[in-house]
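Input sequences plus hints: build the corresponding full structure.
Each residue of the sequence shown is one higher than the one before, counting from 0 in numbering that gives the first Met the number 0.
Don't read these hints as lab results, they were simulated from the structure. Heads up, a few of these hints could be off.
To be verified - Below 16 Å or equal to it, Euclidean Cα-Cα: the simulated EDC-like pairs (lysine to aspartate or glutamate) are:
1. K49 with E70
2. K196 with D150
3. K178 with E213
4. K197 with D137
5. K225 with E168
6. K50 with E12
Computed from a prediction, not measured in an experiment: that's the story for all the values here.
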Amino acid sequence: MEALSLVIAPEQEGQRLDKVLPEQTRLSRSALQTLCENGGVLVNGRPAGKKQLLRAGDRVELSLPEPVELEVLPEEIPLDILYEDGWLLVVNKPKGMVVHPAPGNYTGTLVNALLWHCKGSLSGINGVIRPGIVHRIDKDTSGLLIVAKNDEAHRGLAEQIRAHSFTREYEAIVHGHFKEPSFTIDAPIGRSSSDRKKMCVTQRNARNAVTHVEVLGEYPGFSHIKCRLETGRTHQIRVHLAHLGHPVLGDLVYGPKKPALDTAGQCLHARTIGFVHPGTGEELSFTSPLPAYFTAALERLKEG
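Rendered as structure tokens:
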């Protein structure tokens, strides 16, 4: 059982418990409700209900149950592998494939496929749900991912990501045009207080996020761009571009609910990754060709 304690800030005065806590913990509102019903939430030492109004200075204590690890089974799913050795592999993930099991997607994920392909030889640092997964891309984003086969490889690659020496470049089609041919977006990202499934640019409970952008081409109403990640926050490129008023074409979460152009999906592709091999010290770089759905959208834009 994990214990968590926090003090209510003055700006949270008068807010309900079930609004404040999801913003400051990993709990969803439904999980918080269950915790309250089971006496797992105390305010100033007394059991609290989800609707309780909070005051500045209130001490909230939570008893969080330990997360239950699920059994993830190998599945014989074809993989597009660009490189593989005894330390790691580079995979070209198709749009629509979830990286690791999560509620609603316990099978058919990249992890299920990796467990079959690697026969269990994957790093265990991220637990049984995310074996070998050093970094992730969204379900509806296509492109390159690096997978660690052992813990030493995982630690070496993760350190390069932390040191910003791991190259991750994406291409995207976005709404609108930009005033400059290249620029940097430096804006912190945190979880949305109104929708726990979304991220947003915010100063509250946020982490710094930096994206470097270069315009590759312009078409009526749209731009083709390249983005290089300096940091790697959840939904970073999508959130940063939507914050500027240039959401990714086909992004139904951060962009228009009805796309201006039928693209058969979100036009965001993880095209290039570069890193130093954690075992040999060799500098490696891999580039994935733009997938058919992306090139078809570009052709339609070129045709007007």
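Checked hints:
Note on K49 and E70: the hinted pairing is violated, with a Cα-Cα distance of about 32 Å set against a maximum of 16 Å. With a C-alpha separation of about 30 Å, the suggested pairing of K196 with D150 is violated against the 16 Å cut-off. Distance hint between K178 and E213 is fulfilled; the C-alpha atoms sit about 11 Å from each other, no more than 16 Å. Using a Cα cut-off of 16 Å, the hinted pair K197 and D137 holds, with the two alpha carbons roughly 12 Å apart.
This hinted pair checks out: K225 and E168 have alpha carbons roughly 7 Å apart, not beyond 16 Å. With a C-alpha separation of about 13 Å, the suggested pair K50 and E12 falls inside the 16 Å cut-off, and the hint holds.
Consistency note: the structure conflicts with the earlier hints numbered 1 and 2.
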